[in-house]
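Please take these sequences and the hints and turn them into a complete structure.
Okay, here's what each chain looks like letter by letter:
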Amino acid sequence: NAGVTQTPKFRVLKTGQSMTLLCAQDMNHEYMYWYRQDPGMGLRLIHYSVGEGTTAKGEVPDGYNVSRLKKQNFLLGLESAAPSQTSVYFCASSRFAGLSQPQHFGDGTRLSIL
Amino acid sequence: DQQVKQNSPSLSVQEGRISILNCDYTNSMFDYFLWYKKYPAEGPTFLISISSIKDKNEDGRFTVFLNKSAKHLSLHIVPSQPGDSAVYFCAALRGNTDKLIFGTGTRLQVFP
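For the record, the sequence lines run as chains A and B.
According to our numbering, the first sequence is numbered sequentially starting from 1.
According to our numbering, the second sequence is numbered sequentially starting from 1.
Hints should not be assumed to be uniformly reliable.
Below 30 Å or equal to it, Euclidean Cα-Cα: the simulated DSSO-like pairs (lysine-lysine) are [unchecked claim]:
{"no.": "1", "chain 1": "B", "residue 1": "Lys71", "chain 2": "B", "residue 2": "Lys56"}
{"no.": "2", "chain 1": "B", "residue 1": "Lys99", "chain 2": "A", "residue 2": "Lys57"}
{"no.": "3", "chain 1": "A", "residue 1": "Lys57", "chain 2": "B", "residue 2": "Lys71"}
{"no.": "4", "chain 1": "B", "residue 1": "Lys68", "chain 2": "B", "residue 2": "Lys99"}
{"no.": "5", "chain 1": "A", "residue 1": "Lys70", "chain 2": "B", "residue 2": "Lys99"}
{"no.": "6", "chain 1": "B", "residue 1": "Lys99", "chain 2": "A", "residue 2": "Lys9"}
{"no.": "7", "chain 1": "B", "residue 1": "Lys71", "chain 2": "B", "residue 2": "Lys99"}
{"no.": "8", "chain 1": "B", "residue 1": "Lys37", "chain 2": "A", "residue 2": "Lys71"}
{"no.": "9", "chain 1": "B", "residue 1": "Lys37", "chain 2": "A", "residue 2": "Lys9"}
{"no.": "10", "chain 1": "B", "residue 1": "Lys5", "chain 2": "A", "residue 2": "Lys9"}
These aren't lab readings, by the way, just hints derived from the structure by calculation.
This is how it looks when you write it as structure tokens:
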């Protein structure tokens, strides 16, 4: 029972490099989300998707792009990494949005930008 | 502008006693509240929730209380166990919007 799987678990990048974080869920959930967690800030929503082929901006979208080409996958891209993007990134999914649909989270990707 | 606030960054409680974690919010449009629990190197896991039409929801050792007039909710854990040691996040949702707003978390340590 995999749930939500994030790849990779750790990564170190140099400023200006690009990379893609992969999130995969096997629960047939419609909604998927990307968050970042910084010390003293809680979790903040970067981008989300309400279904295959859709994406929408969250609270802190700048510097990130996302794609949802397949229902089970949600990709988060950093085109030109900056030290301010050093964070722990969490992916989550839910069957639908709103009431009584708790989000299921992956175990996170720890990203350091030097 | 922090719409959901957890003003206590940490809490230490003896095993068997009650743990009370607090959360305050500013947006009166929130109508659903959730608590998530997070262990190190793992993602948050859903613990318990409450709708704004209720003032209490109970699930085993966990009870969430909501005071709408004070815009305050609390999570009670009774009795506390060492396995409850984790970071607890309060989160809020408005209607059928897609976006959870998280608090900054409270680290609970339960000692023997």
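Practice prompt. Could you tell me which of the hints above the structure violates, numbers in ascending order?
Written response: Violated hints: none; all satisfied.
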